[in-house]
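Number of protein chains: 4
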Amino acid sequence: MIKVGIVGGTGYTGVELLRILSTHPEVELTVITSRKEDGLKVADMYPSLRGKVALAFSAPEKAALDKCDVVFFATPHGVAMAQAPALLAAGVKLIDLAADFRLKDVKTFEKWYGLPHSCPEILQEAVYGLPEINRAAIRGARVIGNPGCYPTTMQLGFYPLLKAGVVDAGHLIADCKSGVSGAGRKGEISLLFSEAADNFKAYGVSGHRHTPETLEQLQYQTTQKVGLLFTPHLVPMIRGMHATLYARLTTDISNEALQQLFVDTYRDEAFVDVMPFASHPETRSTRASNMLRLALHRPEVDGVPGDMLIVLVVQDNLVKGSSGQAVQCMNLMFGLPETTGLGHVPVMP
Amino acid sequence: MIKVGIVGGTGYTGVELLRILSTHPEVELTVITSRKEDGLKVADMYPSLRGKVALAFSAPEKAALDKCDVVFFATPHGVAMAQAPALLAAGVKLIDLAADFRLKDVKTFEKWYGLPHSCPEILQEAVYGLPEINRAAIRGARVIGNPGCYPTTMQLGFYPLLKAGVVDAGHLIADCKSGVSGAGRKGEISLLFSEAADNFKAYGVSGHRHTPETLEQLQYQTTQKVGLLFTPHLVPMIRGMHATLYARLTTDISNEALQQLFVDTYRDEAFVDVMPFASHPETRSTRASNMLRLALHRPEVDGVPGDMLIVLVVQDNLVKGSSGQAVQCMNLMFGLPETTGLGHVPVMP
Amino acid sequence: MIKVGIVGGTGYTGVELLRILSTHPEVELTVITSRKEDGLKVADMYPSLRGKVALAFSAPEKAALDKCDVVFFATPHGVAMAQAPALLAAGVKLIDLAADFRLKDVKTFEKWYGLPHSCPEILQEAVYGLPEINRAAIRGARVIGNPGCYPTTMQLGFYPLLKAGVVDAGHLIADCKSGVSGAGRKGEISLLFSEAADNFKAYGVSGHRHTPETLEQLQYQTTQKVGLLFTPHLVPMIRGMHATLYARLTTDISNEALQQLFVDTYRDEAFVDVMPFASHPETRSTRASNMLRLALHRPEVDGVPGDMLIVLVVQDNLVKGSSGQAVQCMNLMFGLPETTGLGHVPVMP
Amino acid sequence: MIKVGIVGGTGYTGVELLRILSTHPEVELTVITSRKEDGLKVADMYPSLRGKVALAFSAPEKAALDKCDVVFFATPHGVAMAQAPALLAAGVKLIDLAADFRLKDVKTFEKWYGLPHSCPEILQEAVYGLPEINRAAIRGARVIGNPGCYPTTMQLGFYPLLKAGVVDAGHLIADCKSGVSGAGRKGEISLLFSEAADNFKAYGVSGHRHTPETLEQLQYQTTQKVGLLFTPHLVPMIRGMHATLYARLTTDISNEALQQLFVDTYRDEAFVDVMPFASHPETRSTRASNMLRLALHRPEVDGVPGDMLIVLVVQDNLVKGSSGQAVQCMNLMFGLPETTGLGHVPVMP
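Protein chains in written order, with this note's numbering: chain A, 289 to 637; chain B, 289 to 637; chain C, 289 to 637; chain D, 289 to 637.
Simulated from the structure, these hints should not be mistaken for laboratory data. There may be inaccurate statements among the hints.
No distinction is drawn between identical chains; accordingly, a pair holds when it is met within one copy or between any pair of copies.
[Unchecked claim] Below, computed lysine-lysine pairings styled on DSBU-like, alpha-carbon distance capped at 30 angstroms:
id : residue 1 : residue 2
1  : 474       : 329
2  : 324       : 451
3  : 291       : 395
4  : 291       : 451
5  : 324       : 474
6  : 329       : 399
7  : 324       : 340
Pulled out of the complex, with its shape left as it was, chain A reads as follows (with noise of 0.2 angstroms):
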């Protein structure tokens, strides 16, 4: 079995890694920190975990992180890092879900989340946890930084495409949509009920943290400058995520061809669904499970195909968009099936 802790665990994320993990066959949850929460049954915040998760939060400084074997993250940026030292030394491995090791580049991590990097020597070290592209990489990591929900997305919409050098790679557009979960469990005003429900708007379209990570990745995949304009939208549903992924196609391809250039890279792949052509994804039909679901249009101009190709791409934001792929990376790391504990059937409707 291997021993779990988990830092904050009072967010969505958090509560959602007690979902996961809580009939994971292979873990045992160990230790929960919450400095604000401590001593409280974890099923007393949360009652649908009543007869599931007996833990109780602790504070930090009596929890015995050092005693696990893994040590998730769902906490603020700037809590991993501060960490992450001594809990490697101390052997144990960690995977963070915010950003603290998403970003090997410090000067773009400073500027986007507005501190420094406490520990930049094992950044470099740490590897980014998108299982599909970094699988061997992941597979022998001892710091996982977890993509974030939109480039999870975008980067797999967009690898086989780059990949194949079949697109221009610096005019890609990603009009992305989240549920309001993606924001997090805080009082804000802008995420009341009364405020985000019947409403539909765009948010942080002149800059967002997940454009430079987005960027940072897909640049790995071509040697052409890499360009993106992601425009981030919130939709009132609880969970879910959609992208609608804008390329122009540079080469004389056929859509048979595409559609087989994706179903060749997903082939093998368990969290990755390939719809038929000119499918139109919905978000619900991967809620609460770790697929992504993805298809591929080309409308027609002037009655031939046009050089845009649109992929929808849809997921969980909570699931594969951040605690699904944690566990993914886990399995990965302590050697277990990589669809350990991840085969929820989406709940529809």
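Got chain A sorted already, so can you dock chains B, C and D onto it with the hints?
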């Protein structure tokens, strides 16, 4: 492995059966019927099941239901009773999620459902599938009438009180609220998003089919004549059911004793969670799981405990209120641990 | 033109006052206060008011409230009573949307609101602002305690029955449901979209402030001792309130006579709509308007009309349940036709 | 008073016309037709109109439409053109909210709508009812083709840019999102609450009828060949539409100059609100009103303004996107101030 057939798998209780049964370790999904969708792969109608369910719909006449060990009917009222004699003759067990085998009184059935009962002798042997009350009978049953969603909440809420004889059974009130999926998957104007969202209403207040079903069952628990006022309401949520039950106490009993009564009644139940006195259970704490949670309240009048007891009950109407409960019955009928395949942790948020 | 001031215009009742008053033909919006938002244009906080409201927030000490004809307090409990003496001395009328002037009994106020009442003498002259019951007194009032949202539905639903003496006043039950905006615009976790959406729950079941307010007012209508069980619930919708009221009939009275009782009581009321017997009013049929609709039900028992009467009541909690009712009072206080500026047609869908 | 008839008042654009026209000071609602609902009072179908609209539905053959001054068609495509010749002959003006008179090119109409156009000569005189662009022609029109909801947002967003010639007209992208009411009031499974809630999806990505309509109109504004990629999505909200428009700048122009271009274009428009540069308009800021709001964004690339301009546009799809715009046209056709009866303040929250 239990060979399972599903008749009418295109509605919400059908797809929920598929979600649950597709990961049930002792079940082999063998056949699923739909006249209209003959030949269509289930996962083409419900992309959430892609990679999880390989089965295609068969027209009823092609479907070898008589080769199954058990057949679930997720159909409109009247379908199960038409097929029951032949299936039973072939040695197949039968669980009806509709109303054909719920009401022992044929006249009451015919009055409320507007169709004659075609096999009253089978009705007499049928068992009402509420395991917490009828467990022994379910174990030995060939035919199960699976309870309605509202009746499940009302019965499990009132049961300990009637059994103990501490309330006025003649004047029970059940003010109940259901998510929209309870109305089924059919193209009715009143169920449209634009009609049901951001709206709340009562319906069927002057009379609803779940009243006679509940009355008949509650009457088994007491020698008093049971009287029940049942008021259903529609809530703008997909899944979830909340019952607010009112009963007048007729004995001098402390809050502690009332709480203990419920704790004792449900101590060994895996799917009934008695929360602390004066808790407010939320429907989402049971979402996509087979749990039912309840809590007691007793408002004070002039500074002392009043004579009215309130029981709050929540469940997922599609799981404990329907398909999950049906699987719970199946487990009992086939000698499996009652919780087999029903260990889903509620999805929160 | 009536010069109007608003204290505390940043919450939902405040912005709703602005929506209504900005098109009121006899009102000149003169001042709106907010310490925190001093100098900010109202329309910068609420873009829905761009082009409709030119006013900016002023810090209280800069605001010339004493130059107004009437001041609305859309503030937390306790603010209005602190400013009432000075405003009244300056000849300004005052309408409090909070609870400072609702409860005549100072002890009850202090028990439920946890703060001493600073001007009990003003409280004694204050008028409870429910026009359908207190119209004459409102016309002559200097200070209005605007009713709570729940109490409005409960009182208008029970009033004809108590007045006519046809029900058991000692055992009234009100099972009420409110949209989330009723909880106000504040950064509380439980009000987040991801917490409140796709969910239903009761709250405050063991005791809620609106019980004593409603009891006090209902008691004026009958010589029987009034008893009331009030159970509030939270509905995942923005606006709307639904009360399901239960009363036991104590006289032999026909359904027709009951219906006529309500029709007669509210015949001349512009904002109370008595729907046909056995209707099911929907909250959305009142959305964004000052209408309250109600309908009667009397379920049969053993084929004859039972002794329990159900009254279904709906309103928009922010309009008839709060800001609209306050404007209705203002119209009366200033000798205007009661419907002035309140002719909004409900928004459907 | 303008005598107004409505054909097909049972859908959402019909009931929205009724909401708006019932308080329009210069309109007398004279007749409303529905074959199916002949004799039913409008307010019996839509209780929101109780006390506001006294009219009953009439079967078409009984309805004296030829006595009206203007008739609105809130019907499926094809109905208005069948009745247009007779109404025009009787001197009645006509505003079609469907597509019969939107597309000047008959072949395009017939291709996308799958039915022959029965009165191409009337089509030629018909005026496209977008007042901000076609005001003069609308004033003199007998027949209006009221714009589609999506096309209104796309045109008002791209118009200043095409007119000024500052973008590449051949590669416009419109990623659009609509509330569910845009799909109409019909019993389709995909529009059910349980299907559309807590879900997000694209639809019609490979081709949608609003593309040719928008292309035809945009082409009038520029000599470049217009190319448009239009991607519609369904949002779980009742009302509201959000367009995220992407255009590549082809000239060296500052952000200030771009903002000024929009401000100048719409300076005198009552229903177009140009928000400050880099704002994020929310759909709810226009809810139930005839306002359309827009804002510009220009993300930086490597620290300098990039060559991609983003225009965010919001409106209520049933008002500015349909019925409100139709009334705006009517006002122009009858010489009234354009804003008559359209002064609704958006409903927030």
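Consistency of the hints with the structure:
1. Taking the closest pair of Cα atoms, residue 474 and residue 329 come within 30 angstroms of each other both inside a single copy (20 angstroms) and across two copies (27 angstroms).
2. In the homo-oligomer, the alpha carbons of residue 324 and residue 451 never lie at most 30 angstroms apart, since the shortest distance is 46 angstroms inside one protomer and 43 angstroms across protomers.
3. In the homo-oligomer, the alpha carbons of residue 291 and residue 395 never lie at most 30 angstroms apart, since the shortest distance is 35 angstroms inside one protomer and 57 angstroms across protomers.
4. In this homomeric assembly, residue 291 and residue 451 never come within 30 angstroms of each other (Cα to Cα): the closest approach is 38 angstroms inside a single copy and 46 angstroms across copies.
5. In this assembly of identical chains, the alpha carbons of residue 324 and residue 474 lie at most 30 angstroms apart whether taken from the same copy (14 angstroms) or from different copies (21 angstroms).
6. For the identical chains of this complex, residue 329 and residue 399 are neighbours neither inside a copy (38 angstroms) nor across copies (32 angstroms), given an alpha-carbon limit of 30 angstroms.
7. For the identical chains of this complex, residue 324 and residue 340 are intra-copy neighbours only, at 22 angstroms inside a copy versus 41 angstroms across copies, given an alpha-carbon limit of 30 angstroms.
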